[in-house]
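Given only the sequences and the hints, what does the whole structure look like? Please build it.
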Amino acid sequence: MRLLSPGQVAEVTGLPYTKALVLIKNLAYTRIDHNYYVSETKLREFLQQDCIVELRTTKEDENL
1 MRLLSPGQVA EVTGLPYTKA LVLIKNLAYT RIDHNYYVSE TKLREFLQQD
51 CIVELRTTKE DENL
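Residue numbers are given in my numbering: position 58 of the sequence shown equals residue 58, and the series is strictly consecutive.
Heads up, none of these hints are tricks.
Restraint ranges, calculated between C-beta atoms of paired labels, are given here:
| no. | residue 1 | residue 2 | range |
| --- | --- | --- | --- |
| 1 | T58 | R2 | 27 to 33 Å |
| 2 | I52 | G14 | 15 to 21 Å |
| 3 | V53 | Y17 | 15 to 21 Å |
| 4 | T41 | L15 | 15 to 21 Å |
No farther apart than 30 Å at their CA atoms in a straight line, the calculated lysine-lysine pairs in the DSSO-like style are these:
| no. | residue 1 | residue 2 |
| --- | --- | --- |
| 5 | K19 | K59 |
| 6 | K42 | K25 |
| 7 | K25 | K59 |
| 8 | K59 | K42 |
| 9 | K42 | K19 |
I should point out that these hints are in silico values taken from the structure, not numbers from a laboratory.
Each residue gets a CB set at the ideal place from its N, CA and C atoms; glycine is no exception.
Take a look at the structure:
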């Protein structure tokens with residue numbers, strides 16, 4: 001299993017870093033110290049689901 005950082009998720013999805021971090025925080029993530037990671041498998045499952053998903057960022061999220 002490979003863990004992806006917000007920067008790597010941003011690369012894979014094309015999202016900005018802060019939005020990739022919000023995405024990770026809405027999945028089953030692993031936190032080590034102040035760093036967040038998501039498994040590549042969980043990210044793939046999330047991106048390939050058939051239902052509509054809406055995540056919203058807040059001003060607080062934008063200040064990360």
